[in-house]
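Asks: Below are the chains, spelled out letter by letter.
Number of protein chains: 2
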Amino acid sequence: MRKSTTLLIIIFCSILINVSFAQDDPLRSWNNDSLKGSIIAFVKSVTTEGTSTFVPAEDRVATFDNDGTLWCEKPLIQGIFAMYRAKKMIGKNPALKQKQPFKAIASNDMTYIKSMSEQDLIKLVAVTHTGLTEEEYEKEVADFFANAKAPNGKSIEELVYKPQVELLQYLRANGFKTYICSGGTVDFMRAISTKYYGIPPEQVIGSTFVYVYKDSAGINDIYRTPKLNTFNDKQVKPVSIQYHIGKRPIFACGNEGGGGDIYMLRFSQGNKYPSYQLLINHDDKEREFYYQEKDNKSLNWAKKFGWNIVSMKGNWKTIFVAD
Amino acid sequence: MRKSTTLLIIIFCSILINVSFAQDDPLRSWNNDSLKGSIIAFVKSVTTEGTSTFVPAEDRVATFDNDGTLWCEKPLIQGIFAMYRAKKMIGKNPALKQKQPFKAIASNDMTYIKSMSEQDLIKLVAVTHTGLTEEEYEKEVADFFANAKAPNGKSIEELVYKPQVELLQYLRANGFKTYICSGGTVDFMRAISTKYYGIPPEQVIGSTFVYVYKDSAGINDIYRTPKLNTFNDKQVKPVSIQYHIGKRPIFACGNEGGGGDIYMLRFSQGNKYPSYQLLINHDDKEREFYYQEKDNKSLNWAKKFGWNIVSMKGNWKTIFVAD
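Going down the list, the sequences are from chains A and B.
Per our numbering, numbering of the first sequence is gapless, rising by one per residue and ending at 323.
Per our numbering, numbering of the second sequence is gapless, rising by one per residue and ending at 1323.
Where hints are given, some of them may not hold.
Beyond 12 Å from chain B on every Cβ pair, some chain A residues (computed) [as the list claims (entries may be wrong)]:
hint, residue
1, 28
2, 36
3, 37
4, 59
5, 97
6, 123
7, 230
8, 258
9, 290
Far from chain B by the CB rule (all over 12 Å, computed), these chain A residues [as the list claims (entries may be wrong)]:
hint, residue
10, 27
11, 33
12, 106
13, 140
14, 148
15, 150
16, 264
17, 308
18, 323
List time: in silico BS3-like cross-link candidates among lysine-lysine, alpha-carbon distance up to 27 Å [said to hold, decoys possible]:
hint, chain 1, residue 1, chain 2, residue 2
19, A, 247, B, 1139
20, B, 1304, A, 214
21, A, 139, B, 1177
22, B, 1303, A, 214
23, B, 1214, A, 227
24, A, 177, B, 1177
Honestly, the hints are just simulated from the structure, not real lab data.
For each residue, glycine too, the CB sits at the ideal point set by N, CA and C.
Build the full structure now, drawing on both the sequences and the hints.
Replies: Shown next, in the form of structure tokens:
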């Protein structure tokens, strides 16, 4: 056989192998670098029977934050829903317009809206998410997700991070049970958790309002009151995980931005089994956003405790499902 | 062929068929009557594709109370654990004995113990179940279940109702996801839920204390404070189910005795899918206990709303796993 033929065969085979690798690659939207390698190595290590690092399937718990971790948090999607609901409420009761923040929402006064404090926003979420039955609320949320657009004209589903959908699938394919543990309110996320992430409603942990069960005057339903029951952020996340799952995650993923996930990652690190912590760094001005915490706490803790950091710019080949 | 031979063959075949039926019967400890038939008919109706009664697997949620429904509530097993813990606490700090109820527990003063009110009991549970980390607590619970005996000398596992273990298995074999939703505290039940009932910790809903996450001074754990967070009884059960699962059960099972399960059964009955409600009636003085509510509320509601009633005496062939 002539040398050129041999070379051609080798080239052809290597293309075939590469194509086959690319097709088999469960994390296609992740660049092939040491971070991706460390995720795969961890998953292999906890799923290889007979090794000291093996973790039984029932203890392969993975918890993910949602806003800024599975989908974008700029804009905050639950904020878009709150505006949507507020406009519908004004439609039914125009007198609402005389008071803030309804006045600003009715006139699209973005300067006012952007100036709202966290407390103002929580109040707005409360007033737009409660005062109705669970059934009525779920209908509102379903209508919103079916029709709503983000300010950039994309559908809400297109704002999901593609690499994370792959990561969730990859973990489940390796026997992990994947959960959302987010500051978003629980029944809002449940409306899309199966469709967007493959996570069933019962594996969603979020903030909650006080619910009251009413079985009178023909109502047999949960009534959503405006009182906050839990705000699932910071130190509350490990507590919610304990209430809901009763096990520490071996894989925990959050994002820098508000310091909301650092205790969940620490809690995971206290697992008796090997564990893996992943923190998303929003450092991609071109494709998404660049924002950092003033005190840099999440990234400082990541360094201090040896967590793995995703540079959205450096580690993700693709960002959005829409791309 | 002679008549007697034919008869012999028929008898032989019918024995074979009966043996095979008995072996295939998923509800062996239930008498073959209309109640058992109604359970089987319901399960068939919601699992037969292409019918109007079909329920998709992801919506086949079943919730069971625990005390008096899956295992006995006389004696209350969590009460036995509270005594066990109280005695251990006295061992470490004998001064406790000077105050009630420790004084009565130390001297086995059953008259005093039996006279304790529900509030007194909740206080005793709080003081014996909290003030330690989750990890320390789980060790205590594991030790208890490994060694404890009921007053009748049986192990705790032997106090589980055998027909209910079969029912849980039967539902799961038909694609149901089975949950506990009980007034017992959540992390107590989780210690045995997999072993006794095949229900994993994350499918256990119970009463909770306020937990605080501590990540300081070398502690990376949940600290259990004595403040009650939720008392998962009566109208709270539907609310806890909504928080935890986000779906109404299509199968709900509780017991008469304290009226604690009637709202869970009603909530299930408000399902958009066909649903089945089952109420255990403690009417078997010989094999277990006979006790009825003063106002008969649970049985009255069962009649009013068409729930199915288990007469332990009439419908259960066997009561305990130990039998």
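Asks: Kindly indicate which numbered hints from before are broken by the structure, ordering the numbers from low to high.
Replies: 4, 7 and 16
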